[in-house]
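Each chain is listed here by its residues.
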Amino acid sequence: DAKTTQPNSMESNEEEPVHLPCNHSTISGTDYIHWYRQLPSQGPEYVIHGLTSNVNNRMASLAIAEDRKSSTLILHRATLRDAAVYYCILRDSRSNFGNEKLTFGTGTRLTIIP
Amino acid sequence: GAGVSQTPSNKVTEKGKYVELRCDPISGHTALYWYRQSLGQGPEFLIYFQGTGAADDSGLPNDRFFAVRPEGSVSTLKIQRTERGDSAVYLCASSLIPVRGGELFFGEGSRLTVL
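Going line by line, the protein sequences match chains A and B.
Going by my numbering, 1259 is the number at position 82 of the first sequence; the sequence numbering is gapless.
Going by my numbering, 173 is the number at position 28 of the second sequence; the sequence numbering is gapless.
Bear in mind the hints are in silico, worked out from the structure with no lab data behind them.
Be aware that one or more of the hints could be misleading.
What the hints assert, rightly or not - What follows is a list of derived Cβ distance ranges for each label pair:
id: 1; chain 1: B; residue 1: Ala147; chain 2: A; residue 2: Thr1256; range: 38 to 48 Å
id: 2; chain 1: A; residue 1: His1253; chain 2: B; residue 2: Lys162; range: 42 to 52 Å
id: 3; chain 1: B; residue 1: Arg229; chain 2: A; residue 2: Ser1186; range: 46 to 56 Å
Unchecked claim - Capping the alpha-carbon separation at 25 Å, the derived lysine to aspartate or glutamate pairs in DMTMM-like fashion look like this:
id: 4; chain 1: B; residue 1: Lys162; chain 2: B; residue 2: Glu248
id: 5; chain 1: B; residue 1: Lys156; chain 2: B; residue 2: Glu248
id: 6; chain 1: A; residue 1: Lys1180; chain 2: B; residue 2: Glu228
id: 7; chain 1: A; residue 1: Lys1246; chain 2: A; residue 2: Glu1222
id: 8; chain 1: A; residue 1: Lys1180; chain 2: B; residue 2: Asp208
id: 9; chain 1: A; residue 1: Lys1180; chain 2: B; residue 2: Glu216
id: 10; chain 1: A; residue 1: Lys1246; chain 2: B; residue 2: Glu248
id: 11; chain 1: B; residue 1: Lys160; chain 2: B; residue 2: Glu216
id: 12; chain 1: A; residue 1: Lys1180; chain 2: A; residue 2: Asp1244
id: 13; chain 1: A; residue 1: Lys1246; chain 2: A; residue 2: Glu1191
id: 14; chain 1: A; residue 1: Lys1246; chain 2: A; residue 2: Asp1269
id: 15; chain 1: B; residue 1: Lys160; chain 2: B; residue 2: Glu228
id: 16; chain 1: B; residue 1: Lys162; chain 2: B; residue 2: Asp208
id: 17; chain 1: B; residue 1: Lys162; chain 2: B; residue 2: Glu189
id: 18; chain 1: A; residue 1: Lys1180; chain 2: B; residue 2: Glu159
id: 19; chain 1: A; residue 1: Lys1246; chain 2: A; residue 2: Glu1192
id: 20; chain 1: B; residue 1: Lys156; chain 2: B; residue 2: Asp231
id: 21; chain 1: B; residue 1: Lys156; chain 2: A; residue 2: Glu1243
Note that beta-carbon positions come from the ideal geometry of N, C-alpha and C, so glycine has one too.
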């Protein structure tokens, strides 16, 4: 799977928007971009995923660059409960039975300042 | 329950002992994954089941680690002759369809401590 690069840590003030960047310059045309987050002492939790177009759901928005070499996870109004490690992961969308795993990096640790 | 259930939540054992960790996936989910997470690191893939068969076991570190899913539902991760380096949180996840388009649902993990 292609590699992603994320900042080790970020801070944001409560109730403000947060933009979490992810670089994936070697992304292939068939790679989905997935975001997961992991709250303290819990398993990872799905946030959002996309292929080419920007995506919105109740948790966040995903903005994908036109050349797909980078993406940004946007939390529109951060709360203290959003403090977590956020993982950006690429996953090949081609049907390749037996190659279904997500490969996690070390992610970005997001701290929310009250 | 509605989510992925893992037992035990905590396991302390001595070096050289045998350990079993259980995962009960969300009902109807055909895909099941095991990951291992050490402190300060992201989850590391161990093995993936599609139904009863292990479709990808490339992440198992050595032959002391083995996993089964005999009826395509509950899975057990088995670790023989445990070593101190096996200490980690073992995470299980399941999904309804292969992850290419679908999301993984993770349990809270089983924390294994090998003394």
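Non-conforming hints, listed in increasing numerical order:
Failing hints, ascending: 1, 3, 4, 5, 6, 8, 9, 11, 13, 18, 19 and 21.
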